[in-house]
Each structure stands twice: as C-alpha cells, then as structure tokens.
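Sequence lines, in order, name chains A and B. Under the numbering used here, the first residue of the first sequence carries the number 1, and numbering increases by one thereafter. Under the numbering used here, the first residue of the second sequence carries the number 1, and numbering increases by one thereafter.
Since the hints were derived computationally from the structure, they do not count as laboratory data. There may be inaccurate statements among the hints.
[What the hints assert, rightly or not] Ranges between beta-carbon positions, derived for each pair:
1. A:17 with B:52: 26 to 34 Å
2. A:79 with B:50: 27 to 35 Å
3. A:14 with B:113: 31 to 39 Å
4. B:56 with A:83: 31 to 39 Å
This structure is a prediction, so every number in the text was calculated from the model and none was measured. Here a beta-carbon is modelled for each residue, glycine too, at the ideal position from N, C-alpha and C.
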Amino acid sequence: DQQVKQNSPSLSVQEGRISILNCDYTNSMFDYFLWYKKYPAEGPTFLISISSIKDKNEDGRFTVFLNKSAKHLSLHIVPSQPGDSAVYFCAASGGETSGSRLTFGEGTQLTVNP
Amino acid sequence: SAVISQKPSRDICQRGTSLTIQCQVDSQVTMMFWYRQQPGQSLTLIATANQGSEATYESGFVIDKFPISRPNLTFSTLTVSNMSPEDSSIYLCSARRGVGTGELFFGEGSRLTVL
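For reference, chain A alone in the conformation it holds in the complex:
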C-alpha cells in the first residue's frame, strides 16, 4: 500500500526553466509534508516543508504547493540549475498512529541540462 506516490520516475528540464515535481498521497491523516533531495552516495537532505494549514510555502527558488482536496502536492524550482540534478523525494507524516514517522514516495530523478 503505497500511501505516497511520485508517478514520474524522471524529469528533464533546461537550465533556467521551471521544474515541477509532483506527489500524490492517499492517507487523509497526513498533515505535514516535506521534500528531500538526494545526490548519489549521499543521504537525503531536507529541502522544504509545508503544513496542512497552508497551501503554499516558498524558500528562494523552491516553492511547495499543497492541494488538500486533491491530496496532491508539488515542488516548483525556478529557475532550475544544473546543480539541482538529483533525486527528489516527497514525504508525509501525521495521524495518531504514525508518531513522527515519515512515509516517502518513490522519488523523481531530476536532470537539469545546461
């Protein structure tokens, strides 16, 4: 039962353009969402998060949008840079039984071409 899904395993964009990474979830108890970035041979690093009381959170070039009714969130990177090339994981937490555990999506490999 994959509660967090990233349906696009890969995405390729040109430098300077916008990258949009999508994530869907099924558990309505999730109330906190995060995006992580992972380079090869490194652990995931936190990028940006959003609480369910908001529908948008922005940090520099990175913006996360949350659509609770659709159980969908997206990460926008603009402008995209070659150094953004990495695997991006969506994660979610929440609900009485989850404690503070995170449930991750499968990841999307972003490639930004110069």
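Position chain B against the provided structure of chain A, taking the given hints into account.
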C-alpha cells in the same frame, strides 16, 4: 541541523553472515530511525530506535533479523542478520530533535551488497 555519521559506508558481505552498522550523531537527538532503500525503490522505515529500550519495528521487519541498539541519545546500531542477496540495499540512519513533525536528518547511508 545535525551531522550524522555512519560506518561502514559500504561493504560486500557473504550470504549467511551478519553486519552491524553504526550511527553517530554530533548532538543529542530525541528520535532516531533506521530506513532501507532497496535498488530503485523508496525509503522504507525499518524501526524507531528507542533509547534504553527495545526498538519499535514496522510491519514486515522483526528484531531477530534487524536487531537495533540505542544506548544513549547520540548513538545507535543496526545489525542485518543472516544476510541474503535480498538484503542488498542502502541502510540509512536518521534523527530528529523533537518528537513531533519536522525534518529528519540523514546519514550518508551504508551500501551493503550481499553475494
């Protein structure tokens, strides 16, 4: 933030052997977790490492296969017991300062290959 160090960073192991992965955090943290990332798949939570008591395992993971220790607030170990090729994976230690929601910090991972 917290700096998390894992060792070994990688190892090649023989079927039937066991390997212990160590995780050291540079400061005291409340929560520590162990994740697994199998090739081409997402990060899957193995267990929550509880200080001074038995770990809390997720469905599909058992203590006999993945014994975990956490003797203090900055250190934990995960043992992968009686390994088979299906255990070939990246094992990641993670930590959080608080008990509620919030970001996890991850170690660089330990890549195990079982022959």
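Here is what the structure says about each hint:
The beta-carbon spacing between residue 17 of chain A and residue 52 of chain B, approximately 51 Å, falls outside the hinted interval of 26 to 34 Å. Taken as a hint, the range 27 to 35 Å is violated for the pair residue 79 of chain A and residue 50 of chain B, whose Cβ atoms sit roughly 44 Å apart. For the pair residue 14 of chain A and residue 113 of chain B, the beta carbons lie near 36 Å from each other, so the given range of 31 to 39 Å is met. Between residue 56 of chain B and residue 83 of chain A, the C-beta spacing of about 37 Å keeps the proposed range 31 to 39 Å intact.
The earlier numbered hints that this structure contradicts are 1 and 2.
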